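Chemist: As a plain string of letters, each chain reads:
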Amino acid sequence: DTGVSQNPRHKITKRGQNVTFRCDPISEHNRLYWYRQTLGQGPEFLTYFQNEAQLEKSRLLSDRFSAERPKGSFSTLEIQRTEQGDSAMYLCASSLVSGSTGNEQFFGPGTRLTVL
Amino acid sequence: AQKVTQAQTEISVVEKEDVTLDCVYETRDTTYYLFWYKQPPSGELVFLIRRNSFDEQNEISGRYSWNFQKSTSSFNFTITASQVVDSAVYFCALRMDSSYKLIFGSGTRLLVRP
Chain R
6 DTGVSQNPRH KITKRGQNVT FRCDPISEHN RLYWYRQTLG QGPEFLTYFQ
56 NEAQLEKSRL LSDRFSAERP KGSFSTLEIQ RTEQGDSAMY LCASSLVSGS
106 TGNEQFFGPG TRLTVL
Chain A
4 AQKVTQAQTE ISVVEKEDVT LDCVYETRDT TYYLFWYKQP PSGELVFLIR
54 RNSFDEQNEI SGRYSWNFQK STSSFNFTIT ASQVVDSAVY FCALRMDSSY
104 KLIFGSGTRL LVRP
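Chains as they are written, first to last, in the numbering used here: chain R, 6 to 121; chain A, 4 to 117.
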């Protein structure tokens with residue numbers, strides 16, 4: 006399977022702990038995105054990378070959140086000092102920058118975070 | 004401000020009925036892109052279609068069709084002869100030419116009953 010993969014699929018943690026999620030994009034895709042989705046809502050943009058450069062960050066991405074994409078391949082999203090409000094599905098997507106204008110994004114299965 | 008509104012929270016139909024999912028968007032940009040995604044119970048978002056702001060041609064793909072009207076800022080999605088496997092949450096999304104982030108609506112949950 007050559008789609009976007011995310012690990013872990015589920016994470017349960019206690020408030021105040023740090024968590025890290027990993028995303029592996031489709032291999033030839035050079036853009037990678039992180040979104041957060043809460044129950045009954047559409048995904049909300051967090052940040053995106055082109056290769057290893059982080060080009061845009063949402064105001065939703067507080068100081069407790071950090072994302073990296075070393076070497077322009079996989080990406081990690083870390084949440085420090087988790088709060089109950091961080092409980093959500095964290096979605097990763099990737100796209101290919103090319104001559105086409107649309108650059109549709111393809112999503113992974115998500116990591117569901119539950120903060121107790 | 005950019006915004007996507009999906010006013011229908013939930014729709015329930017009987018199999019083989021036609022159903023239309025509404026999407027209204029707001030943007031001041033002249034170049035933008037519209038998308039529809041499907042999120043089945045398994046949770047993974049599946050890309051369905053992209054439309055560019057400069058191309059108002061409607062599109063048909065099998066039982067799916069999309070009606071893009073710039074005059075009313077709408078990008079509606081119709082499923083003809085619905086099937087139980089069409090049951091999912093459907094999201095409409097907007098992307099401006101100046102950014103690569105997608106702005107999603109709140110989704111419409113479609114239930115197709117046998």
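Keep in mind the hints are simulated off the structure, nothing from the lab.
These numbers come from a predicted model, not from an experiment.
For each residue, glycine too, the CB sits at the ideal point set by N, CA and C.
Treat the hints with care, since some could be wrong.
[Unchecked claim] If you anchor each label on the Cβ, the simulated ranges turn out as follows:
hint: 1; chain 1: R; residue 1: Ser63; chain 2: A; residue 2: Thr23; range: 27 to 33 Å
hint: 2; chain 1: A; residue 1: Glu59; chain 2: R; residue 2: Ser10; range: 26 to 32 Å
hint: 3; chain 1: R; residue 1: Ala58; chain 2: A; residue 2: Ser15; range: 44 to 50 Å
Chemist: I'd like to know which numbered hints this structure contradicts. Please list them from smallest to largest.
Modeler: 2
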